[in-house]
Amino acid sequence: MKFSYRYTILLIISFLLFYSCKKEVKNKNDFITHIPILESWNNTQNKKAIIDFVSQVTNKNNAGFIPKKDRIAVFDNDGTLWSEQPVYFQFLYLIDRLHKMKKDNPQWKVTQPFKAALENDLVTLKKSGTKGLMTLVMATHAGITSEEFEQSVQKWLKTAKHPVLDKYFTELAYQPMIDLIKYLKENDFKVYIVSAGGQDFMRVWAPEVYGVPKEQIIGSSLKTQFSIDSTGNVTLKRMPLIQSINDREVKVENIHTFIGKKPVFAAGNSDGDLEMLQFTDSNTYPSFKLLVHHTDSIREFAYDRKTIAGKLGEALDEAIEKKWTIVDIEKDWKVVYKTK
Numbered sequence: 002m003k004f005s006y007r008y009t010i011l012l013i014i015s016f017l018l019f020y021s022c023k024k025e026v027k028n029k030n031d032f033i034t035h036i037p038i039l040e041s042w043n044n045t046q047n048k049k050a051i052i053d054f055v056s057q058v059t060n061k062n063n064a065g066f067i068p069k070k071d072r073i074a075v076f077d078n079d080g081t082l083w084s085e086q087p088v089y090f091q092f093l094y095l096i097d098r099l100h101k102m103k104k105d106n107p108q109w110k111v112t113q114p115f116k117a118a119l120e121n122d123l124v125t126l127k128k129s130g131t132k133g134l135m136t137l138v139m140a141t142h143a144g145i146t147s148e149e150f151e152q153s154v155q156k157w158l159k160t161a162k163h164p165v166l167d168k169y170f171t172e173l174a175y176q177p178m179i180d181l182i183k184y185l186k187e188n189d190f191k192v193y194i195v196s197a198g199g200q201d202f203m204r205v206w207a208p209e210v211y212g213v214p215k216e217q218i219i220g221s222s223l224k225t226q227f228s229i230d231s232t233g234n235v236t237l238k239r240m241p242l243i244q245s246i247n248d249r250e251v252k253v254e255n256i257h258t259f260i261g262k263k264p265v266f267a268a269g270n271s272d273g274d275l276e277m278l279q280f281t282d283s284n285t286y287p288s289f290k291l292l293v294h295h296t297d298s299i300r301e302f303a304y305d306r307k308t309i310a311g312k313l314g315e316a317l318d319e320a321i322e323k324k325w326t327i328v329d330i331e332k333d334w335k336v337v338y339k340t341k
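Residues 2 to 341 in this note's numbering are what the sequence shown lists, from first letter to last.
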């Protein structure tokens, strides 16, 4: 009887301990905010919304479950995964290339848009529009092999620093977005970068910085020309011809061409991402639409409707109307730039 009495007491204690623990984590959302997920995010409603969505679509017992094969996530790059002020970083690479090439092209000193670019005349450059920008891109990014271009970008990234923040450009990737990509991948999402930035430019450094492989990076591109010499040496030469300007509706067209499925998760920061977010919103599966709103003038830059790079007006209005998730950098992120 003595053993039976002790055994009964142990059962009662075990039951009480189990019941008290169960009560403590009864609120799933309270529990989630204390586990190491998205650690570089503050515990705001937007962080909770992301975790709730991922929990919902990865739970087989949930009506909103999404099979692994259909968990497609797409991210813009400039202004979404790394900074884009005062101008897109690839444009700064372009300017550097212009200065290195100007000795062999003296006519650039008096010819637009080259003259404006060499003199840092952003007002005149803006007036030249997409046509002017493409003229500069083709002059600085074409006429060399794909290997030569890659080496040029690698060298630039090792030496060039941001003109205001005095950091290497790959140090200006957003840690919260890197953590978000990692979190999605851990939950069997296939992550793509779909950006207006140069595809070959991003493929040089983005796989290491974001953990997204080259073949899952889609961007603007020039046409290339294949050749093979008598010794069997193969080259791809970059031609002064546009293959794709991956912006606005073209992002959707390229998602269809290269991915072949509608995303269920999309993140952007500007009007150039609106169509990609709308396309994601049209999925029959539950979907998550995220806009990064640049509100932090102390740790980064504050801007939206009035800016040269990353204008956010039309997309912001629609996000508010449709109740998409608008990330407030100042409030939602513990840190801004890459820390790991």
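Hint data in this document are derived by calculation from the structure and do not stem from the laboratory. As the structure is a prediction and not an experimental result, all values here were calculated from the model. Hints may be right or wrong, so weigh each one.
To be verified - Simulated pairs of lysine-lysine, DSSO-like, Cα-Cα distance not exceeding 27 Å: (1) Lys-183 to Lys-215; (2) Lys-69 to Lys-215; (3) Lys-339 to Lys-127; (4) Lys-341 to Lys-307; (5) Lys-162 to Lys-339; (6) Lys-69 to Lys-191; (7) Lys-341 to Lys-186; (8) Lys-339 to Lys-159; (9) Lys-61 to Lys-262; (10) Lys-191 to Lys-263; (11) Lys-215 to Lys-238; (12) Lys-224 to Lys-262; (13) Lys-168 to Lys-332; (14) Lys-162 to Lys-103; (15) Lys-104 to Lys-159; (16) Lys-69 to Lys-262; (17) Lys-323 to Lys-339; (18) Lys-69 to Lys-49.
Stated by the list, open to error - Cβ pair distances, simulated, as ranges: (19) Ser-129 to Val-235: 42 to 48 Å; (20) Lys-61 to Lys-307: 45 to 51 Å; (21) Gly-65 to Lys-128: 46 to 52 Å.
Glycine included, each C-beta is placed from N, C-alpha and C at the ideal position.
> CA of Lys-162 to CA of Lys-339, is that 27 Å or under?
Replying inline: 15 Å, holds
> Are Lys-183 and Lys-215 close enough, with their CA atoms no more than 27 Å apart?
Replying inline: 16 Å, holds
> Are the Cα atoms of Lys-339 and Lys-127 separated by 27 Å or less?
Replying inline: Given that 27 Å is the threshold and the Cα spacing comes to 30 Å, the pair is violated.
> Going straight from one Cα to the other, do Lys-162 and Lys-103 come out at no more than 27 Å?
Replying inline: 21 Å, holds
> Holds or violated: are the alpha carbons of Lys-339 and Lys-159 at most 27 Å from each other?
Replying inline: Holds - the C-alpha atoms of Lys-159 and Lys-339 are around 16 Å apart, at most 27 Å.
>> Tell me if the straight-line CA distance from Lys-69 to Lys-262 falls inside 27 Å.
In response: 13 Å, holds
>> Tell me if the beta carbons of Lys-61 and Lys-307 are separated by a distance inside 45 to 51 Å.
In response: 47 Å, holds
> Do the alpha carbons of Lys-168 and Lys-332 lie within 27 Å of each other, as the hint requires?
Replying inline: 23 Å, holds
>> Quick check: does the Cβ-Cβ distance between Gly-65 and Lys-128 fall within 46 to 52 Å?
In response: With a Cβ separation near 48 Å, Gly-65 and Lys-128 satisfy 46 to 52 Å, so the hint holds.
> Do the alpha carbons of Lys-61 and Lys-262 lie within 27 Å of each other, as the hint requires?
Replying inline: Since the Cα atoms of Lys-61 and Lys-262 sit roughly 21 Å apart, the hinted pair holds (cutoff 27 Å).
> Is the Cα-Cα distance between Lys-69 and Lys-49 27 Å or less?
Replying inline: Given pair Lys-69, Lys-49 holds - Cα atoms ~22 Å apart, limit 27 Å.
> Taking 27 Å as the top limit, are the C-alpha atoms of Lys-69 and Lys-191 close enough?
Replying inline: 8 Å, holds
Hint violations for this structure: numbers 3, 4, 17, 19, all remaining hints satisfied.
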